[in-house]
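Protein chains in written order, with our numbering: chain H, 1 to 486; chain B, 1 to 101; chain L, 1 to 236.
Fair warning: there could be bad hints in the mix.
What the hints assert, rightly or not - Okay, the calculated bits of chain H under chain B, using three or more residues with CB under 8 angstroms as the criterion: (1) 140–150; (2) 155–161; (3) 167–181.
FYI, nobody ran anything at the bench for these hints, they're computed from the structure.
Cβ coordinates follow ideal geometry from the N, Cα and C atoms, glycine included.
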Amino acid sequence: MPDVLLSIADIPWGVMTIVLPLAGAMSSFLWPRRALPLGLATALAIVICVAGLGWQLVQQGAQRYAVGGWGAPLGIDLYADGLSLLMLMMTAVVGLGISIYSCGYFNLERARYFWPLWMFLWAALNALFLSADIFNLYVTLELLGLAAVALVALAGGADALTGAMRYLLVSLLGSLCYLLGVTLLYHSFGSVDIAILAERVESSPTVWAAMGLMITGLLLKTALFPLHFWLPSAHASAPAPVSALLSALVVKASFYILLRLWLELFPFASAALAQLLGLLGAAAVLWGGLQALRQTQLKMLIAYSTVAQLGYLFLAFPLASITGWTGALYVLLSHAAAKTAMFMAAGNILYFGGHDRIVDLDRVVQHLPLTITAFALAGISIMGLPPSGGFIAKWLLLEAAILSGQWWWGIVLILGGLLSAAWVFKVVGYAFTRSEVPHEARAVPAAMEWTALLMAMVAILLGLFVPWLLALMEIGLPFGGVGSAG
Amino acid sequence: MSPALLYALVGVGLFTLGLYALIVHAHLLRKILAINVMASGVFLVLVALAARTQGTPDPVAHAMVITGIVVAVSATALALALMLRVRAATGRAELAEEPLE
Amino acid sequence: MKKSNKPKPITENDSRQTQWRLLLVVPLSALAVGLGYAVLSLPSQAPGLSKHVAAKLETSGVSNPVTAVLLNFRGYDTLLELGVLLLALLGVWSLGAAPKRHEPPPGLVLELLSRLLVPLLILVAGYLLWAGAGAPGGAFQAGSVLATAGVLLLLAGWRLDSRFSGLPLRLALVAGLGVFLLVAVVLILLGGRLLEYPPSFAGALILLIEAAATLSIGTALAALFLGGRPEKGAHR
Chain H
1 MPDVLLSIAD
11 IPWGVMTIVL
21 PLAGAMSSFL
31 WPRRALPLGL
41 ATALAIVICV
51 AGLGWQLVQQ
61 GAQRYAVGGW
71 GAPLGIDLYA
81 DGLSLLMLMM
91 TAVVGLGISI
101 YSCGYFNLER
111 ARYFWPLWMF
121 LWAALNALFL
131 SADIFNLYVT
141 LELLGLAAVA
151 LVALAGGADA
161 LTGAMRYLLV
171 SLLGSLCYLL
181 GVTLLYHSFG
191 SVDIAILAER
201 VESSPTVWAA
211 MGLMITGLLL
221 KTALFPLHFW
231 LPSAHASAPA
241 PVSALLSALV
251 VKASFYILLR
261 LWLELFPFAS
271 AALAQLLGLL
281 GAAAVLWGGL
291 QALRQTQLKM
301 LIAYSTVAQL
311 GYLFLAFPLA
321 SITGWTGALY
331 VLLSHAAAKT
341 AMFMAAGNIL
351 YFGGHDRIVD
361 LDRVVQHLPL
371 TITAFALAGI
381 SIMGLPPSGG
391 FIAKWLLLEA
401 AILSGQWWWG
411 IVLILGGLLS
421 AAWVFKVVGY
431 AFTRSEVPHE
441 ARAVPAAMEW
451 TALLMAMVAI
461 LLGLFVPWLL
471 ALMEIGLPFG
481 GVGSAG
Chain B
1 MSPALLYALV
11 GVGLFTLGLY
21 ALIVHAHLLR
31 KILAINVMAS
41 GVFLVLVALA
51 ARTQGTPDPV
61 AHAMVITGIV
71 VAVSATALAL
81 ALMLRVRAAT
91 GRAELAEEPL
101 E
Chain L
1 MKKSNKPKPI
11 TENDSRQTQW
21 RLLLVVPLSA
31 LAVGLGYAVL
41 SLPSQAPGLS
51 KHVAAKLETS
61 GVSNPVTAVL
71 LNFRGYDTLL
81 ELGVLLLALL
91 GVWSLGAAPK
101 RHEPPPGLVL
111 ELLSRLLVPL
121 LILVAGYLLW
131 AGAGAPGGAF
141 QAGSVLATAG
151 VLLLLAGWRL
161 DSRFSGLPLR
171 LALVAGLGVF
181 LLVAVVLILL
191 GGRLLEYPPS
201 FAGALILLIE
211 AAATLSIGTA
221 LAALFLGGRP
231 EKGAHR
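Produce the entire structure from the sequences given, and follow the hints as far as they go.
Okay, structure coming up:
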């Protein structure tokens, strides 16, 4: 019997982060009555595996794992570097928070489908962040999209079903554009492995077409203005924990792929394209912020805020410096934590009062103090005030903008911050006022309030643990430097 | 022009036709069918260009298409079921206009 | 839904719609031309990965190159794809119960043909599964034929007995992904990597995985045909 006792460094932690949620999905499907404990146990196990992978990366640097022992170009490789580790950590933290939150949120009938769907979503995310093969990324994108759509539709009702249908059609369109790009790349260079393609790729009409297709498909999925039309209805009408998952994690997954492809496969992309992405990002920031101010329902407002915050991510493209990319990553991480907290808070308010109309918040500050604190703390990060992750993110982006001489992006950052501040204060202000419409109040489970608060604190803490996070980001040098292809 | 490239061009044509139909038609069933036509176009491009070898065609491309077909079928099934529920909930198998609020 | 029989007058709205459609044709034609040019600029001869596959085919456990790629070299994709299928079924089930259809009892032709064809289809599915090692065939092809048998039965009015529509049905659905994942993990415990089949067992392992996958794929596709959760309680 071969030696089964492996040291911590030898256990394939990365692979376990994919296997465990798949196993969790299957087991919660087979035993619906045990879905909740199975889901929670899987969540905890995944967090442990991500920690193990982090340990492995810190000790040994970026890891490449050849599934099946074949190795690219014949087989599929998994690749973990600092960037993928951070995405996995973000998913693990948000995922654990959502898992605990959802214990109290769903009734038994919904929970029996929520848990397997959520586990599939988590498996798709982990598989996506670890994949180094563009066709494998297509399969994970589809897994992710279908799971997300099914979770949105779980809310039932005309709004959620319509939002889910629109989301599904957009998701499929995006995937097909991406797949056509993969086809062109494979037939040009004979491989679908990112590292091999990075060596072979050259500027040619086929590659430009592939680049255009893949970027368009991924932009559809990341909801960059003007391809964001599907996001507000889908994110707002979903159940609150699902909205959090969508805004915090799912839209970031396609951005992650876009980032990888941009850095590794398309380094010759013209500066004009980068400027275009930056412009669209700026438009997203301003448009999303303005639309958020016009909303009367809390979840719709938070959804438009997601559109705005996603715009910040694209400001890093024209800046094209390590500081800029680090700033974008920081936006990604702190937005994930803050948006999760906000949607959880909105979910609590909805649970409490049966509605989420902003003007009728009815002294939520007295009934749900933890929730409104969570919302306010998350708002601090979204606005970009110190000490929070959002502040660090904006600081880095501003620094990159000034250093590269493109100071006009800084104006966008400031305007975006002002718009966010406007709606954060508006919501918090209404939480102090008395509503004129009487309603039945329901007690909110403690787990739901505490997880909202804890996620908001994570957003704040991200601003304090900067050196460690920056050190993690540099493992594998994904943002340039020698040997970035692994 | 070799047959492989001809089929690949047909695939591109299907993709574009499907995209047109997806944007233009309001009825959900037509949109779903348009997505299927687009998918068929992409698979055709994949398979056609795989025949550019001497001897047996490229098996990896064929395997990718099999994977793609299963994924497309699964997605279509979900889309159709969702369409039925949308029709049951709103009375029409069309996406309602985005409320401006 | 009834359609009105008199022709609709062309309204202002219609002509505006036609204008938008014509306007759309321009950028889409440009897209088609661009993509066509991209395709045409590809070399007319390119082996892709066929040489790599041919070189390692003996150690893969099967002799059909497509099966080798699907179940061995790129088996991880197939594993995720089985997950996609199960997920789609889960999504459809989460939407609600299967819509009730008021079906008339099946006619004589359907009744007779289904009795003849279903056993034949199951046999063909088994053959395709077995033949997949050396010829075109394999889990997906066999699973589709099995699903056809299932759909034919469903069209003829048959429904799964309520004793089987709970855990046994779920087990059948999960079997493909479950066996695949189990084999993959056991191989790690035995000291290899994920899905690294030892060459002497590869053929047997692939057959095992494909058999379970055939069952799952057939069941899932037939269940998807119903469009929702199966009802509790026998129908016939």
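Checked hints:
1. 140–150: Since three or more residues must qualify, the claim that chain B covers the segment 140–150 of chain H holds, with 5 doing so at under 8 angstroms.
2. 155–161: holds (count 3)
3. 167–181: Coverage by chain B holds for the segment 167–181 of chain H (7 residues, Cβ < 8 angstroms).
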